[in-house]
Amino acid sequence: MSAALTLRDVRKNFGPTAIIRGLELEITQGERHAIIGPNGAGKSTMFHLISGRIGVTSGSIELKGQEITGLAPYEINRRGLSRSFQVTNIFPKLSVFENIRCGVLWSLGYKYSFWRFVDRLRDANERAEQVLDLIGLGARRETPAGILTYAEQRALEIGITIAGGADVIMLDEPTAGMSNTETEQAVALIRKVSEGRTLVMVEHDMSVVFGLADRISVLVYGQIIATGTPMEIRANKAVREAYLGEEAH
Amino acid sequence: MLQLITFSTLNGVLYGMLLFMMASGLTLIFSMMGVLNFAHASFYMIGAYFGFEISRRIGFWPGFIVAPLLVGVVGALIERYGLRRVHKFGHVAELLFTFGLAFVIEELVNMIWGKLPVDYRVPPSLDFVAFRLFDTTYPAYRMFMLATAIAMFAFLILVLKRTRVGLIIQASLTHPNMVAMLGHDVPTVFMAVFGVGAALAGLAGVIAGPALVTQPAMAALLGPILFVVIVVGGLGSLGGAFVASLLIGLVQTFAVAINGSLKDVMGPVATTIFGELGGVTLAQIAPLLPYLMLVLVLIFKPTGLFGNRES
Amino acid sequence: MSETIRTTIAFALFAIALALAPVVFPSGLALTMMSLMGVMIIFALSYNMLLGQTGLLSFGHAVYYGLGGFCAAHAMNYVARNKLGVPLPAIPIVGAVAGLFFGALLGAVSTRRAGTVFSMISLGIGELVAAFAGIQRSFFGGEDGIATNRVKLAPFFGYKFGPQIQVYYLIAFWCFVCVALMYMLTRTPFGRMCNAVRDNPERAEFVGYSTQRVRFQAFMLSAMFAGVAGALAAINFELMNSQAIGAGTSGQVLLMTFVGGIGHFFGPILGAMLITFLQISLSDITKAWMLYFGLLFILVVMFAPGGIAGFLSIHQPLLRNGRIFKLAPSYLMASVPLVALVLGMIALIEMAHHMLVEAASDGAKMRLFGLAFDGASPLPWLVAAALFFGGAFGLKLVWPRIDEAWAVAQAEGKKA
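Protein chains in written order, with the working numbering: chain A, 1 to 249; chain B, 1 to 311; chain C, 1 to 416.
Since the hints were derived computationally from the structure, they do not count as laboratory data. Note that beta-carbon positions come from the ideal geometry of N, C-alpha and C, so glycine has one too.
Under the rule of at most 30 Å between Cα atoms (straight-line distance), these lysine-lysine pairs were calculated in the DSSO-like manner:
no. : chain 1 : residue 1 : chain 2 : residue 2
1   : C       : K83       : C       : K152
2   : C       : K365      : B       : K115
3   : C       : K326      : C       : K396
4   : A       : K192      : A       : K93
5   : B       : K88       : A       : K93
6   : C       : K83       : C       : K160
7   : A       : K93       : A       : K111
8   : B       : K115      : C       : K287
9   : C       : K396      : B       : K88
10  : A       : K64       : A       : K192
11  : B       : K88       : C       : K326
Pulled a few chain C residues facing chain B out of the computed Cβ check, cut under 10 Å:
no. : residue
12  : R112
13  : V117
14  : G126
15  : F132
16  : F258
17  : K287
18  : F297
19  : P305
20  : H353
Okay, chain A solo, but in the shape it has when bound:
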C-alpha cells in the first residue's frame, strides 16, 4: 500500500515555544487513522500544518507522494485533501444546499466561471443532492446554515468537507459537544463517508476512536509516541502512562 500522507520531521515553533517537535507519520491509503492525545498536545496544530492553514517551521509533508509543504490551503485542497474544523466553519448566510454546492464546484472544474448559471450545472447539483442525502439534511435544504442546530451544523461541516470528492479527508473532533445519540449518528455518518477514502481524524471520545479507527497515533507534547492498531495502542505501556491512564476513568 502506498502512503496517502507522509510527515517527515515536521516542526512548528510559535515564537520561542516549540509546539510540534519533529513529527514522523505515515498514513496508508484507504485507512481510517485517528490521532489522539491530551489537550495541548498539538493535534489541531498538526491538522493546520497539513492542510496549509499555517506554515511549518521545518520538515516536509507529502500528499500521495507529492510535496505539499508551504502550499496555500486551496492548492492543497485541489490536490485532493479536504478537512473539517473543530469550531464549526460553514457559510452561515448561504442555504444548506449552497454550502454543499460551494464544496463541489472546484472539483468539477467550474473554477471562477462567471459565464454559466450555477443552477444549470447538472453534475454539480446532482452531486450536492447526493451529499445532502448522505448527511441527512435533505429536509433542511433551503435553511440558512447559520440557524441550523449544532448537530446539524456539524453534519454540514462534514458534508462540505467530503463534497469535493477529496480522497484524503481530515476531520477535527467531529463529535465534540454532541449528545450520545448524536454521536452515534455522527459515527455512522463518518463510517459511510469515509468508505473508499483515507480518513484522518482527531477525536477525544475514545469509544468513537476505538470503534472507528484502523490505526491510531498518539500525539503527546508535539511528538508521536506510538502508532498502531487499537489493540496495540491499548496494550502500549508508554501510551497508558502518558495518556490513556488518566483518560480511562
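For this one, chain A is given, so just place chains B and C on it according to the hints.
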C-alpha cells in the same frame, strides 16, 4: 538652507504632535473597542468650534479648559446612545456608523456656523514673537501649541504607566480580547475611552483652530491623514502612532517648504520625459505623499511599521 | 412558480417600467431625475457587488466611476474631433473598458487583503487618485473639468441625443443591460463563491478557492460596471470634473447602497432611486438636505441594518398570508409620534440654521412648511421643541406595543 531646515523641522514636529494628539486617541479607541472611528477628526473640528464660541464670549483660556471637556462629553454620549447600539451588528456596522456620524457632524457645523471659516484668533496674551532666528520670527503661539502637545503626551504616559486604568488599557493593547475577562465593567470602560479620545481630539482642535483655519472642511481634510498615521504606525501601537505622526508631519512640511519640481532638478529634459508632471512641484505633490505611504505600507507590511495586528 | 419564470417576469416588468417612465412622468425635471437614477442604479449595484456580495467595504469606489467617466469624455471628444463613425450609445463600452483596466491595475494591489485593511487601502487609493487628479490637469481638466458635446458624435439611426428624452432612453437601455448582467453574475459559480468568501473566507480556501482571486475578479467586474455608470454620467452631464472621482462620491454610493439594503439584489436599486430623488427634490427646498441624508443613513445603520430592502422582505411573508393587517394599527399608532418627531427635528434644524447663519443678512423672518413666522420669537421654538420631545416620548411609549404586535405577527407568519 539652514534656516529652512530649522523652521521646517520645528513646524513639522509641531504638526506631527498635533496629529499624535488625535492619533493617540484613535489608536486607544481602536485597540480597545475594535472600532476605526471615522468621526475622530470631527471631534477635532467640534473642539475648534467650541473653543471659538467660548473664546469670543468669555475668553480663550476658559475655552482651552472647557471645550475639550465638552467634546469629551459629546463623545461619551455618542458612544453610549449610538455606537453601543450598533456594536451587536459587528465591525462593519460600527465603521459605517462613525462614517455617517462624520458626515452628519460636518453638515451640522455647516448649518450652525456656516460654510465660511470663522474668526478664531490667537489670544493677545500669546500673540507675540517667541524668538528670532536668521531674520525669521517664530510666533509664541506655536511654542504654546508644542508645549501643550508635549504636556498632553507626558500626561498620557503617566496615566498609562502609573494608574490602574492605564494598566487595563495596556493589557488591552496587547491582548484585545482579554479585557472582558478581567472582570471590568467593559461598557463603561469603552464609554470612558471613547470620551477621553474625543476630548484629546477636541483639545487638539482648540489649540489648532487659531493657528490653522477653523472651517467645516477641516475634519474631512484631516481625517484620512489620521488613518494614514495609525495604519502606517501599526494599528494598535501607540509608539508606532507617535513615530508615524512625526514622520508624516515632517514629510509634509518639508515637501511644502522645498517646493522644487523635477524640472528644477533635471532641467527641461524632465518635461520631455514626464510630460506636464515634470513641472509639478514637490509642494503640489505633498498632499499625495501620505496616501502613497499608506498604500505602500499596507501592501508591503500590512501590520504597519510597529504593529502586530492586521485588523 | 419556478424561480426562472419569476425572474423573467421581474425583468420584463423592469423593462416596461423603464420604457413607460417618461410617459408617466414627462416633465423636464422628471427626465433629468430619472436619467440620473439610471446612472446611479448601475453605480450602486456595482458597489454592492463588493459590499453586499463579496463583503468588501470600499471607500474609494468613485475612482472607477470617475475614471470611466473621464475616459468616456475624452473618447467622445476624440471621436467628434476626428469624425469617426462611432455613435454615442457605444461610448459606455469605453467606460467599461476603462473601469476594467483600472480595476485590474488598482485591484491587484487592493484586493490582496480583505476586511479593514482592504477598506483602508481603498481609502488610500481613493485619496491618492483624487489628489493626482488635482495635479494632472490635461487629463482631468483641473477645476473646470473636461467638457464634451454628445451631439457631435455620429448619429445613431438618425438620433443625435440632443434632447434629454433620447439620453434617458440611452441610459435606460444600458441600465437594463447592466442590471441584468449583474443579476446573472450572482447566479454563476463565481457569484456564489463571492458570497462564500463574504461569509467565511477561511472555509472558501479549504474548498479549493483562492479568496484573493475571487476578490480580485469581483473587484474588476465591479469597477467595470462603475465605469459604465461614469460614462453614462459623462454623456448625461456633458461634463466630468474631479469631484466625480473624490471621497464625496465614494461616500455617496456607500450611503445609497446601504440605505437601499445590501442583503438583497434589488436593495441598491431602491437606494439609488430614493437618494437621487431626495437629492434633486430636497436640494432646492433646504440647504440641510445633506444633513437629513446623513441622519437617515445613521438611523438605518442603527435600527434597520438590512436597509429598505431588508425591511420590505421581512414584511413579505406577512403580506402574503394577510397578517400584515395585524400590524397596521400598531404602525399607524407609531406613525403619529414619528411624524411629530421628524417635523420637530426638521423645524429645529432649519430654524437654528436660519437664525445662526442667515438672520444676520436676511433678518429673522423665515418660512417653513409654508408658514411664515419670526424666528426670533420664542413661540415657534417652543412648538418645534414640543413636537420633537413629544414625538420622542410618544414613540417610546408605543414602542413596546409595536414590538409585541410584531412578535405575534412574525410567529404566526412562521406557522403559516
